[in-house]
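Construct all of the structure, not just a fragment, from the sequences and the given hints.
Here the sequence shown stands for residues 37 to 231, where the numbers follow our numbering.
Note that these hints are calculated values from the structure, not bench results. Each hint should be verified, as a subset may be incorrect.
Claimed, not checked - Derived CB-CB ranges, DEER-like: (1) 69 - 95: 29 to 39 Å; (2) 63 - 125: 19 to 29 Å; (3) 132 - 111: 35 to 45 Å; (4) 207 - 53: 29 to 39 Å; (5) 94 - 125: 16 to 26 Å; (6) 177 - 41: 17 to 27 Å; (7) 112 - 133: 31 to 41 Å; (8) 82 - 163: 22 to 32 Å; (9) 41 - 133: 36 to 46 Å; (10) 133 - 111: 34 to 44 Å; (11) 206 - 53: 31 to 41 Å; (12) 99 - 71: 37 to 47 Å; (13) 72 - 177: 32 to 42 Å; (14) 111 - 160: 15 to 25 Å.
Every residue gets a Cβ at the ideal spot worked out from N, C-alpha and C, and that includes glycine.
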Amino acid sequence: MHDAAWTIRPARPQDAEGWVECHLQALAETYPAQPAEFVASRRRQQAELVDQTRAGIAAADGRDDRWWVGLDAAGTVVGIGHSCRGAQEWERRLLASYPDHGLGLHRGVDEPGLRQLTTLYTLRRTHGSGLGGALAAELVGGEPAYLWIMTGNDRAEAFYRRLGFSRGSVAVPSGPTWFGWPMFQLVRSAGTAAA
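Here it is, written out as structure tokens:
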């Protein structure tokens with residue numbers, strides 16, 4: 037998909053450096069209330085993050101594991117997105133520590149076909165351009181899906197509600213890399229994507 041200001045396409049291994057840089061910049065823009073160490077610790081691991089991202093993109097099948105980028109007219113990565121089937125390892129550990137199904141936490145691996153939107157960020161300068169929606173359409177389409185969102189991220193929550201997501205759990209503390217910031221799940225059933 038193409039807009040005058042941006043283009044989206046499946047990510048390629050050579051996009052890994054731009055992906056990570058976009059991710060770090062977007063984290064700083066999206067979560068300015070987090071301690072400076074929030075992004076600084078990730079910057080110190082940037083080379084490792086690039087290697088991990090490159091490997092993830094290279095291994096992706098484009099069906100169950102989807103990596104997409106948004107590029108501006110100069111070819112700079114200005115948006116990123118990843119989705120997969122089932123839970124990630126950090127999530128399995130978290131869910132194991134909350135065995136009470138009464139919390140409403142969706143278990144991912146317990147629901148075949150459920151897609152997890154693990155990552156979707158666009159740089160502030162692209163907000164309102166449709167880039168986030170275009171990436172989301174490629175990453176989850178109209179499939180049943182869920183994602184984790186940090187409390188207080190009202191702009192993102194409103195965006196996902198427009199895509200048919202609704203709150204699916206209570207808030208639980210995130211891990212140490214997110215400084216325990218509370219997060220919760222948004223969930224969408226099949227065929228409920230906004231028009």
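Each hint, compared with the structure:
{"no.": "1", "hint": "69 - 95: 29 to 39 Å", "in the structure": "34 Å, holds"}
{"no.": "2", "hint": "63 - 125: 19 to 29 Å", "in the structure": "20 Å, holds"}
{"no.": "3", "hint": "132 - 111: 35 to 45 Å", "in the structure": "42 Å, holds"}
{"no.": "4", "hint": "207 - 53: 29 to 39 Å", "in the structure": "34 Å, holds"}
{"no.": "5", "hint": "94 - 125: 16 to 26 Å", "in the structure": "19 Å, holds"}
{"no.": "6", "hint": "177 - 41: 17 to 27 Å", "in the structure": "23 Å, holds"}
{"no.": "7", "hint": "112 - 133: 31 to 41 Å", "in the structure": "39 Å, holds"}
{"no.": "8", "hint": "82 - 163: 22 to 32 Å", "in the structure": "24 Å, holds"}
{"no.": "9", "hint": "41 - 133: 36 to 46 Å", "in the structure": "43 Å, holds"}
{"no.": "10", "hint": "133 - 111: 34 to 44 Å", "in the structure": "42 Å, holds"}
{"no.": "11", "hint": "206 - 53: 31 to 41 Å", "in the structure": "38 Å, holds"}
{"no.": "12", "hint": "99 - 71: 37 to 47 Å", "in the structure": "38 Å, holds"}
{"no.": "13", "hint": "72 - 177: 32 to 42 Å", "in the structure": "37 Å, holds"}
{"no.": "14", "hint": "111 - 160: 15 to 25 Å", "in the structure": "19 Å, holds"}
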